[in-house]
Amino acid sequence: MRLEQFRNYRHLDLALGPGMHIFAGANAQGKTNLLEAIYLSATGHSPRTGQESELIAWDAEVARVVTEFASERRGNFTIEVSLGRKSSGAGSEARRGGTADSSMRRGSAAEKRIKVNGVTRTAADLAGLAPVVLFLVGDLEIVRGEPARRREFLDTDLSVMSRTYLWAWRQYNRVLDQRNRLLKDIRDGLAPAADLPPWDAQLAAFGGRLLEVRLRFVADLNGQTVPVYRGLSASDQEMTVAYRREWGDPETAATTRDALAALLAGAIEESVEEEIRRGTTLVGPHRDDLQILVGGKDARFFGSQGEQRTAAVALRVAECGLLRQLVEEWPVLLLDDIFSELDRTRRAALLGYLTPLAQVILTTTDVDAIGLPPDADAHVYQVSQGTVAEK
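Under the working numbering, the residues of the sequence shown are numbered 3 to 393, in order.
There could be a bad hint or two in this list.
[Claimed, not checked] Calculated pairs, SDA-like style, for lysine to any residue (alpha carbon to alpha carbon, straight line, at most 25 Å): (1) K88 with N10; (2) K299 with E248; (3) K117 with D157; (4) K117 with S84; (5) K114 with G52; (6) K393 with P358; (7) K186 with A196; (8) K186 with V274; (9) K299 with E154; (10) K117 with G86; (11) K88 with G120; (12) K114 with N10; (13) K117 with N78; (14) K299 with R289; (15) K186 with P199; (16) K393 with R12; (17) K114 with G46; (18) K117 with R76; (19) K186 with E248; (20) K88 with Q7.
Just so you know, the hints here were simulated from the structure itself, not pulled from any lab data.
Construct the entire structure; sequences and hints are all you get.
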């Protein structure tokens with residue numbers, strides 16, 4: 003991987019082989035930036051910010067991340083992501099030596115270009131190409147946070163895995179925005195209710211596609227979470243993930259796209275009067291939730307801090323196993339300061355899961371705290387102020 007003007011890295015060339023790679027250093031030195039750069043290469047998006055101009059070094063015009071991946075199925079291929087500042091207003095003056103301050107420049111938008119083996123591509127084209135799984139400390143909110151955080155987990159992960167899901171998700175949100183605007187206009191007397199049925203039909207059709215993939219993903223994920231959680235927690239408790247919706251008959255066992263679309267269409271029809279009154283769409287996958295159960299109880303409300311942390315880690319480790327089944331090779335696993343979240347027993351159990359993986363890249367402030375055995379096959383790097391040196 004080569005970084006140029008990316009965050010606090012002016013220039014960095016880094017070659018990593020298989021096995022475990024540990025990047026150690028104090029906080030705010032650039033450890034997480036390395037994981038972000040790999041994730042950006044694999045998905046075309048940052049997992050930490052929607053303002054991509056923040057990825058460009060504060061006094062630079064262009065940032066570039068060039069990463070070569072080695073795939074068992076596809077061979078070697080290179081992904082290049084370039085980010086350049088858009089010139090506009092005061093920001094343009096600053097880049098020409100004007101008086102606009104750095105905060106204005108950092109807030110400016112960025113133009114992104116993606117190439118795979120030198121050919122221009124879009125972020126959607128990267129789905130499934132270079133599988134990666136990323137754990138950030140903020141992932142604890144998937145377990146204990148609001149429903150929106152769990153929906154984000156679903157949509158982000160499935161969009162990375164499946165171009166079909168990404169396309170359906172974008173179409174669903176486009177229709178949802180249009181329908182919400184129409185509902186407000188009908189409520190305010192600016193449009194007739196007769197304009198709704200075409201949008202209802204599209205919402206149900208795309209919603210059925212999303213639901214079919216989500217339900218299959220949850221079912222497959224449960225096949226991984228049960229043994230992983232037991233191993234990490236050293237207990238007989240099971241962790242399972244359940245899909246929850248508050249519309250339609252919750253007991254209806256619809257799983258196919260058409261059946262789910264029909265179920266959603268019926269729920270839309272039943273709620274349309276209330277939706278017009280409120281001016282917003284009240285039913286559909288955009289309002290659904292996941293329930294993470296530990297020992298049969300909702301971990302969000304009844305799980306201890308240790309159980310919640312272990313569940314968050316188990317989700318990502320289970321996702322690795324699921325991705326291996328789907329794409330027939332191990333993904334790259336990226337772990338950001340994960341060992342600070344676990345006690346000694348859970349650390350040892352996690353190391354046992356990580357050892358068979360093809361490549362694990364993790365960060366820590368204290369290598370000794372990880373508890374590596376003396377004969378561990380691991381490479382350790384010291385990160386300091388945007389520089390990396392192997393120890």
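Verification of the hints:
1. Distance hint between K88 and N10 is fulfilled; the C-alpha atoms sit about 20 Å from each other, no more than 25 Å.
2. Restraint check for K299 and E248: satisfied, since their Cα atoms lie roughly 19 Å apart, inside the 25 Å limit.
3. Our distance criterion of 25 Å between C-alpha atoms is met by K117 and D157, whose separation comes to about 24 Å.
4. A C-alpha spacing of about 9 Å is found between K117 and S84, which places the hinted pair at or below 25 Å, so the restraint holds.
5. For the suggested pair K114 and G52, the alpha carbons sit about 12 Å apart, so the restraint of at most 25 Å is met.
6. Annotation: proposed proximity of K393 to P358 holds, straight-line Cα distance about 23 Å (limit 25 Å).
7. Distance check on the hinted pair: K186 and A196 sit about 14 Å apart at the alpha-carbon level, within 25 Å; holds.
8. A distance of roughly 12 Å separates the Cα atoms of K186 and V274; the hinted pair therefore holds under the 25 Å criterion.
9. Annotation: proposed proximity of K299 to E154 holds, straight-line Cα distance about 22 Å (limit 25 Å).
10. Straight-line distance between C-alpha atoms of K117 and G86 comes to about 14 Å, which keeps the hinted pair within the 25 Å bound.
11. As the CA atoms of K88 and G120 are separated by approximately 23 Å, the hinted pair is consistent with the 25 Å bound.
12. Between K114 and N10, the direct Cα distance comes to roughly 19 Å. Compliance with the 25 Å bound is thereby established for this hinted pair.
13. Restraint check: the Cα-Cα separation between K117 and N78 comes to about 14 Å, which is no more than 25 Å; the hinted pair holds.
14. In summary, the hint linking K299 to R289 is supported, as the alpha carbons are separated by about 22 Å, within the 25 Å threshold.
15. With a C-alpha separation of about 15 Å, the suggested pair K186 and P199 falls inside the 25 Å cut-off, and the hint holds.
16. Taking the CA atoms of K393 and R12, the gap is near 21 Å; set against the 25 Å cutoff, the hint holds.
17. Between K114 and G46 the alpha-carbon distance is near 9 Å, which keeps this suggested pair within the 25 Å criterion.
18. Among the hinted pairs, K117 with R76 is consistent with the structure: their alpha-carbon atoms are about 16 Å apart, no more than 25 Å.
19. This hinted pair checks out: K186 and E248 have alpha carbons roughly 23 Å apart, not beyond 25 Å.
20. Restraint check for K88 and Q7: satisfied, since their Cα atoms lie roughly 16 Å apart, inside the 25 Å limit.
Of the numbered hints given earlier, the model fails none.
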